[in-house]
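Asks: Given next are the chains, with one letter for each unit.
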Amino acid sequence: MNWLTNFIRPKIRSFVSDQKEIPDALWQKCPACDGMLFHRELTENLGVCHHCGHHLRISVADRLSILFGESPFQDISVPPAPADPLRFRDKKKYSDRLSEARAKTGRDDAIRVALGRIGDQNAVVAAFDFDFMGGSMGAGVGEGIVKAAETAVRERAALICIPSSGGARMQEGILSLMQMPRSVVAVRMVKEAGLPYLVLLTDPTTGGVSASFAMVGDIHIAEPGATIGFAGKRVIEETIREQLPPNFQTAEYLLAHGMVDMVVPRASQNETIGRILNLLMERQTGKNGTTGRSNGRKSPPRDNGGKVAVGPLARAAGNVARLPALRGKTPLPLPAAANQTAATRRRRSGKD
Amino acid sequence: MSFLEFEKPVQELEAKIAELRKVSSTGDVNVAAEISRMQTKADRLLKQIYTKLSPAQKVLVARHPERPHFQDYIQAIVTDFTPLAGDRRFGEDAALIGGIGRIAGRACVVMGQEKGSDTEMRLRHNFGMARPEGYRKALRLMELADRFQIPVVTLVDTAGAYPGVGAEERGQSEAIAACIETCLNVSVPILSVVIGEGGSGGAIAIATADRVYMLEHSIYSVISPEGCASILWRSGAYAAEAAAALRLTAQDLKKLGVIDDIIEEPLGGAHRASLEAVERVQAQIEKGFAETCPWDPRTIRHSRREKYLKIGRAA
Ligand SMILES: [Zn+2]
Numbered sequence: 002m003n004w005l006t007n008f009i010r011p012k013i014r015s016f017v018s019d020q021k022e023i024p025d026a027l028w029q030k031c032p033a034c035d036g037m038l039f040h041r042e043l044t045e046n047l048g049v050c051h052h053c054g055h056h057l058r059i060s061v062a063d064r065l066s067i068l069f070g071e072s073p074f075q076d077i078s079v080p081p082a083p084a085d086p087l088r089f090r091d092k093k094k095y096s097d098r099l100s101e102a103r104a105k106t107g108r109d110d111a112i113r114v115a116l117g118r119i120g121d122q123n124a125v126v127a128a129f130d131f132d133f134m135g136g137s138m139g140a141g142v143g144e145g146i147v148k149a150a151e152t153a154v155r156e157r158a159a160l161i162c163i164p165s166s167g168g169a170r171m172q173e174g175i176l177s178l179m180q181m182p183r184s185v186v187a188v189r190m191v192k193e194a195g196l197p198y199l200v201l202l203t204d205p206t207t208g209g210v211s212a213s214f215a216m217v218g219d220i221h222i223a224e225p226g227a228t229i230g231f232a233g234k235r236v237i238e239e240t241i242r243e244q245l246p247p248n249f250q251t252a253e254y255l256l257a258h259g260m261v262d263m264v265v266p267r268a269s270q271n272e273t274i275g276r277i278l279n280l281l282m283e284r285q286t287g288k289n290g291t292t293g294r295s296n297g298r299k300s301p302p303r304d305n306g307g308k309v310a311v312g313p314l315a316r317a318a319g320n321v322a323r324l325p326a327l328r329g330k331t332p333l334p335l336p337a338a339a340n341q342t343a344a345t346r347r348r349r350s351g352k353d
Numbered sequence: 014m015s016f017l018e019f020e021k022p023v024q025e026l027e028a029k030i031a032e033l034r035k036v037s038s039t040g041d042v043n044v045a046a047e048i049s050r051m052q053t054k055a056d057r058l059l060k061q062i063y064t065k066l067s068p069a070q071k072v073l074v075a076r077h078p079e080r081p082h083f084q085d086y087i088q089a090i091v092t093d094f095t096p097l098a099g100d101r102r103f104g105e106d107a108a109l110i111g112g113i114g115r116i117a118g119r120a121c122v123v124m125g126q127e128k129g130s131d132t133e134m135r136l137r138h139n140f141g142m143a144r145p146e147g148y149r150k151a152l153r154l155m156e157l158a159d160r161f162q163i164p165v166v167t168l169v170d171t172a173g174a175y176p177g178v179g180a181e182e183r184g185q186s187e188a189i190a191a192c193i194e195t196c197l198n199v200s201v202p203i204l205s206v207v208i209g210e211g212g213s214g215g216a217i218a219i220a221t222a223d224r225v226y227m228l229e230h231s232i233y234s235v236i237s238p239e240g241c242a243s244i245l246w247r248s249g250a251y252a253a254e255a256a257a258a259l260r261l262t263a264q265d266l267k268k269l270g271v272i273d274d275i276i277e278e279p280l281g282g283a284h285r286a287s288l289e290a291v292e293r294v295q296a297q298i299e300k301g302f303a304e305t306c307p308w309d310p311r312t313i314r315h316s317r318r319e320k321y322l323k324i325g326r327a328a
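Protein sequence lines correspond, in order, to chains D and V.
Heads up, the first sequence is in this note's numbering, so the first residue is 2 and it goes up one at a time.
Heads up, the second sequence is in this note's numbering, so the first residue is 14 and it goes up one at a time.
Heads up, some of the hints might be wrong.
[To be verified] Taking lysine-lysine pairs in the DSS-like style, the calculated list, with each CA pair at most 30 angstroms apart, reads: (1) D:30 / D:94; (2) V:300 / D:93; (3) D:192 / V:320.
[Unchecked claim] Interface residues of chain D toward chain V, partial, derived using beta-carbon atoms under 7 angstroms: (4) 37; (5) 140; (6) 209; (7) 263.
[Said to hold, decoys possible] Residues of chain V placed beyond 10 angstroms of chain D at every Cβ, according to the derived structure: (8) 183; (9) 234; (10) 236; (11) 244.
Keep in mind the hints are simulated off the structure, nothing from the lab.
Heads up, the beta-carbon is just placed ideally off N, CA and C, and yes, glycines get one too.
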């Protein structure tokens with residue numbers, strides 16, 4: 002399988018599914034301000050309410066096209082994990098829940114891994130799919146994070162994890178708890194290879210997910226209004242028997258308490274992450290002459306800030322125009338390890 | 014001794030034995046024989062009950078208030094114990110206690126959650142539910158062990174990390190995550206024993222180890238059976254079903270390959286013979302030392318990481 006088939010297939014898939022015209026009359030209420038949001042408008046605005054700025058949950062496909070901006074990306078397949086190791090059953094069988102989630106999302110588990118470019122850098126993105134059993138983390142998701150980390154190390158790419166998860170997947174019992182250390186081992190590999198590990202915390206990031214790989218990033222970026230925390234609000238209320246402070250466990254609350262570096266609206270995420278990666282990977286790209294792979298190119302200029310007229314989502318709706326352009330682009334960059342001296346590699350793999 | 018519901022038959026027998034003992038102060042031979050007969054019966058009954066404990070019953074045994082707690086272990090098996098306090102950032106958390114001392118003559122860092130054994134003590138130790146300061150202290154002590162190349166022993170006994178406003182404010186998630194990361198970074202052996210309740214993230218924070226052992230009737234789970242029932246069955250009344258579905262017993266975890274060994278408890282559970290239970294834990298820790306010491310710093314860390322990397326990977 003070459004990069005092209007790997008790379009084109011998902012594009013065609015998303016093209017087909019996105020081709021359906023969005024009827025002008027379709028609308029929904031903003032869950033935050035009750036404002037009327039026409040779907041077309043909402044899509045063009047990256048799933049952000051234009052009345053109040055509330056960031057609605059978006060699909061993983063939209064997430065990736067926003068994050069990679071103009072750049073093409075390639076899906077990285079994640080090996081399957083053992084299915085239903087406990088033969089778990091509550092009111093429903095876990096195996097049935099899994100089949101339903103797979104049918105609903107067209108995905109094996111709650112994570113999608115992709116490799117592309119952000120800024121001028123190679124980047125692997127591991128994005129959670131909240132629609133798949135609440136983005137819960139079991140062995141399949143753990144495998145995705147491991148695969149993403151291994152790919153990042155192999156391609157000398159940054160790793161960006163985007164949790165959207167209620168926490169561990171109860172139906173995998175203790176094996177889901179073990180994904181906490183497992184995912185941390187994975188991100189250690191990236192850190193120790195001298196590569197940046199970023200976390201983009203989206204709504205929600207709680208429980209075992211927030212208490213593992215999601216909170217050990219080199220840089221933590223949160224999406225406005227996202228719920229981020231360890232314990233559930235109800236559990237806390239029942240324990241302390243008093244009202245929770247306003248803003249409790251929001252991205253802004255975490256920023257105020259020193260747990261995240263910044264809160265970045267969707268429209269600026271590609272630019273912000275690109276800038277951060279360019280800065281952190283300066284040596285990587287050879288501005289100091291180590292690898293000579295920098296082309297000195299600036300990030301593509303963004304359309305007018307807040308309201309993005311022709312944002313990635315809008316483009317996704319008319320994806321056919323993208324394909325020729327993509328074909329014209331250089332395939333994904335070569336693994337950098339090949340043109341790197343052993344000395345630089347040694348320097349980078351030190352403890353951090 | 015407080016009896017659990019399913020121990021009722023034993024309780025009745027024990028009560029009869031106690032009565033007989035009272036009336037036979039003169040040392041009547043017949044009564045003595047009767048007492049001995051009944052005692053044998055009680056022991057047999059206890060054995061019957063305890064070999065067939067259901068997962069839900071194990072949850073009760075694991076949480077038994079008279080079960081030996083962290084400080085019972087410290088007193089019995091750690092010499093030269095020198096408690097160390099504080100996370101150097103915010104405060105001291107008595108829910109998670111730690112320090113340096115010797116087990117079987119070997120210097121090590123020892124830490125674990127203390128649930129407390131009376132009301133005053135429970136309040137002081139916050140029922141063994143640590144706040145971020147507790148995990149940051151644990152992290153600091155692990156780094157201390159790393160710096161001086163002495164092993165780490167953790168005794169796990171917690172319902173979970175404390176769910177409170179202050180804990181969230183000060184980064185409970187980050188504290189646990191960083192603690193796990195530190196467990197994976199240190200280049201000394203880490204031995205972990207679940208002595209009672211291994212509650213989710215609050216447990217794994219200090220139980221990411223080279224060897225993980227569980228007492229025979231202890232439990233270790235991603236979520237409490239009550240919590241699981243209220244989410245998946247939408248009613249806490251299904252806790253027993255959830256306890257079974259979660260596979261949270263020591264025997265289940267051994268089968269799943271998540272723990273290395275089960276430490277047998279005295280007849281009728283650790284709470285019936287505290288000292289014996291504690292000594293068996295010590296013997297297991299000595300075995301763990303024998304397997305991991307001396308160590309090569311790089312190898313020990315590498316193999317710990319490899320072990321976790323494999324959990325949940327298809328064969
Ligand atoms: Zn709104």
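Asks: Decide, hint by hint, whether the structure agrees.
Replies: Do the hints match the structure? See the list:
At most 30 angstroms may separate the alpha-carbon atoms for a hinted pair to count; residue 30 (chain D) and residue 94 (chain D) exceed this at roughly 34 angstroms. For the hint linking residue 300 (chain V) to residue 93 (chain D), the alpha-carbon distance of about 43 angstroms lies beyond 30 angstroms, and the restraint is violated. Pair hint residue 192 (chain D) plus residue 320 (chain V) holds up; C-alpha atoms about 19 angstroms apart against a cutoff of 30 angstroms. Of the supplied interface hints, the one on residue 37 (chain D) is violated, with its beta-carbon coming no nearer than about 33 angstroms to a beta-carbon of chain V, more than 7 angstroms.
Taking 7 angstroms as the C-beta cut-off, the interface hint given for residue 140 (chain D) holds, the closest approach to chain V being about 3 angstroms. A least Cβ separation of about 6 angstroms between residue 209 (chain D) and chain V falls short of the 7 angstroms threshold, and the interface hint therefore holds. For residue 263 (chain D), the interface hint is violated, the least distance from its beta-carbon to any beta-carbon of chain V being 16 angstroms, above 7 angstroms. For residue 183 (chain V), the requirement that its beta carbon stay farther than 10 angstroms from each beta carbon of chain D is not met, with the minimum near 7 angstroms.
A Cβ of chain D approaches the Cβ of residue 234 (chain V) within 10 angstroms, the least distance being about 6 angstroms, so the stated non-interface status is violated. For residue 236 (chain V), the requirement that its beta carbon stay farther than 10 angstroms from each beta carbon of chain D is not met, with the minimum near 5 angstroms. With a cut of 10 angstroms on Cβ distances, residue 244 (chain V) falls inside the contact zone with chain D, its closest approach being about 7 angstroms.
Violated hints for the displayed structure, listed by number in ascending order: 1, 2, 4, 7, 8, 9, 10, 11.
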